[in-house]
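Here is how the chains run, residue by residue.
There are 2 protein chains.
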Amino acid sequence: MPELRRDPIVGRWVIIATERAHRPQQPKCPPEPSKGLCPFCPGNEDKTPREVYSAGRPGGGWRVRVVPNRYPALMIEGELQREAEGIYDRMNGVGAHEVIVETPEHGRSLAELTDEDVTEVLFAYKARILDLRNDQRFRYILLFKNSGAAAGASLDHSHSQLIALPVTPRQVSEEIEGARRHFEHRERCIFCDIVGQERKDRSRLVYENDEFVAFAPWAPRSPFETWIVPKRHESNYEAEPKERLARCAQALRTTLHRIGVACGNPAYNFMVHSNPLRDPSSTSYPWHIEVMPALVQSVAGFEWGSGFHINPVPPEEAAEFLRRVSP
Amino acid sequence: MPELRRDPIVGRWVIIATERAHRPQQPKCPPEPSKGLCPFCPGNEDKTPREVYSAGRPGGGWRVRVVPNRYPALMIEGELQREAEGIYDRMNGVGAHEVIVETPEHGRSLAELTDEDVTEVLFAYKARILDLRNDQRFRYILLFKNSGAAAGASLDHSHSQLIALPVTPRQVSEEIEGARRHFEHRERCIFCDIVGQERKDRSRLVYENDEFVAFAPWAPRSPFETWIVPKRHESNYEAEPKERLARCAQALRTTLHRIGVACGNPAYNFMVHSNPLRDPSSTSYPWHIEVMPALVQSVAGFEWGSGFHINPVPPEEAAEFLRRVSP
Chain A
23 MPELRRDPIV
33 GRWVIIATER
43 AHRPQQPKCP
53 PEPSKGLCPF
63 CPGNEDKTPR
73 EVYSAGRPGG
83 GWRVRVVPNR
93 YPALMIEGEL
103 QREAEGIYDR
113 MNGVGAHEVI
123 VETPEHGRSL
133 AELTDEDVTE
143 VLFAYKARIL
153 DLRNDQRFRY
163 ILLFKNSGAA
173 AGASLDHSHS
183 QLIALPVTPR
193 QVSEEIEGAR
203 RHFEHRERCI
213 FCDIVGQERK
223 DRSRLVYEND
233 EFVAFAPWAP
243 RSPFETWIVP
253 KRHESNYEAE
263 PKERLARCAQ
273 ALRTTLHRIG
283 VACGNPAYNF
293 MVHSNPLRDP
303 SSTSYPWHIE
313 VMPALVQSVA
323 GFEWGSGFHI
333 NPVPPEEAAE
343 FLRRVSP
Chain B
23 MPELRRDPIV
33 GRWVIIATER
43 AHRPQQPKCP
53 PEPSKGLCPF
63 CPGNEDKTPR
73 EVYSAGRPGG
83 GWRVRVVPNR
93 YPALMIEGEL
103 QREAEGIYDR
113 MNGVGAHEVI
123 VETPEHGRSL
133 AELTDEDVTE
143 VLFAYKARIL
153 DLRNDQRFRY
163 ILLFKNSGAA
173 AGASLDHSHS
183 QLIALPVTPR
193 QVSEEIEGAR
203 RHFEHRERCI
213 FCDIVGQERK
223 DRSRLVYEND
233 EFVAFAPWAP
243 RSPFETWIVP
253 KRHESNYEAE
263 PKERLARCAQ
273 ALRTTLHRIG
283 VACGNPAYNF
293 MVHSNPLRDP
303 SSTSYPWHIE
313 VMPALVQSVA
323 GFEWGSGFHI
333 NPVPPEEAAE
343 FLRRVSP
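Chains as they are written, first to last, in the numbering used here: chain A, 23 to 349; chain B, 23 to 349.
Isolated chain A (complex conformation) (with noise of 0.2 Å):
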């Protein structure tokens, strides 16, 4: 059973996952790409451990497909057993580990797909929360995506996962208490008064429809990160209409459609954060996904040490970039 432990001085969850790997190895060039029976094709739906969503497609088969991951990282069973060991503390590593198939295609990527197709997957998205919430053990659910070797996909079919987690991470709590903050002092919310901002400034603009602003942070950890913000204050993922998910969908894929044209298909990471599964429906914190391209080594002794990065790339001058591709 895997184990969270909090660090004492900072509240930093680690999961301890024995499981996963028990020598040391150091990290490896990029794998070769799997060939031959990928688990994520149609054909080898016996491969996975047992679906627990799919959307067909009209013509049959399936178009997303979600499946618990084979080498989780936090186990669906048993109790979580918080307790203390002196002055630290523990729980067991209780959690759902999931892998969203994006697409029966391999080699496609997600910019690829039709706006249609990626609605299918944030939709998919939404019913896992959905059914998952219910689980009382949970209090989050972290939806990312890995693409790429060199952030940290370990297979080239494309796909994106779910980790709920019986607490709530400190990434989030964080955004959460800095927004409640600016709240507290002005009535607004943060995310709200830089869409605002953005939207009137324009020079970190990457794309705009009438529900959703793509656009580059105005301190990003590594060049060319983006981030997609509802225009209308939401703070529930899972609270989202299918038709407000295919405003996000068009938005998600031109900015990844975009980074990968101007960047030479870089491997990179998505993230969305929501508010958590427990907490009222706020109105100082919106969800939102934060995309972020693995174009520098991007953790070394300096960023370890003070939380701070180095950018080498200009928001202002990343988004002009990115607002150049053609459709």
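Derived from the structure by calculation, the hints contain no laboratory data. Treat each hint with caution, since some may be false.
Stated by the list, open to error - Partner residues are not named here, just some residues of chain B that face chain A (Cβ under 10 Å, in silico):
hint, residue
1, Glu197
2, Glu199
3, Glu209
4, Phe213
Unchecked claim - To give a feel for the contact side, a few chain A residues facing chain B, derived at Cβ under 10 Å:
hint, residue
5, Arg28
6, Ile31
7, Arg34
8, Val74
9, Gln158
10, Phe166
11, Ala173
12, Glu196
13, Pro239
14, Pro337
Virtual Cβ for every residue (Gly too), placed ideally from N, Cα, C.
Based on these hints, arrange chain B on the given structure of chain A.
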């Protein structure tokens, strides 16, 4: 001039350093070891900016040498010019970025030096802090080492780095804040409490001498992460007398040697955390060193999005492994 920008939501600072590179690139596999004219080798002293510190050896020549970084992330000249841009904050990227060349011998690692050599390196850190803290623009000095390409080193010749910053980095202020809360409740330093529990428990202990303890922390971010903490509480690194730095050198060198043997000379980072320059000395926060081997891909979507880390090696196992390495 590089620029310091603050994320308005979580307060994370980013250095926008356009001088360092203009066009994005994919991360590369480790580069070839630098051949030929290494700028850190004796005889090539004119290939570095003018040295700011050096310690000689008995037989002549230098033993440790500190020079400004040729490609600094921050610039030493200029005013801070803190200013707002709408809801955002920026200031000029003013700071110092120096390289501590740890030995004249190319190809000799820090772990392969003598305890006396390492003492001279740690003493050079202290000398540089004492000099740089006279510059009233600086609030914090981060000392760190990137060893090996996978840990972000671009030159082979053994060296560490120093960055003097006009703000206290978030990673440090979060530790200070956590330690302050603990002290408020219990009137005790949390690091001293941790050292007490680790010395009693012994399962995570890696090494100790009369002045320092090296142990695997309860919630390590990466396999074989090891902290070196003074037994006698002292908040400011630069306040340590040379005799105590010599004991620290022994603990650090032993730790690096054992990690090298146990894990096959992995790339690693270490960071020295200390009390900020302008703060009064602190009873709740001690300086310490955090050593992080680069053994797994450490940051992907889940880590970026949550701040959680997944670690496949329990610290008790790592520490046992390290204790078993013969001296």
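Now the hints, each set against the structure:
no., hint, verdict
1, Glu197, "holds, 5 Å"
2, Glu199, "holds, 8 Å"
3, Glu209, "violated, 14 Å"
4, Phe213, "holds, 8 Å"
5, Arg28, "holds, 6 Å"
6, Ile31, "holds, 4 Å"
7, Arg34, "holds, 6 Å"
8, Val74, "violated, 19 Å"
9, Gln158, "violated, 20 Å"
10, Phe166, "holds, 3 Å"
11, Ala173, "holds, 6 Å"
12, Glu196, "holds, 5 Å"
13, Pro239, "holds, 7 Å"
14, Pro337, "holds, 8 Å"
Hints 3, 8, 9, counting from the list given before, are not met by this structure.
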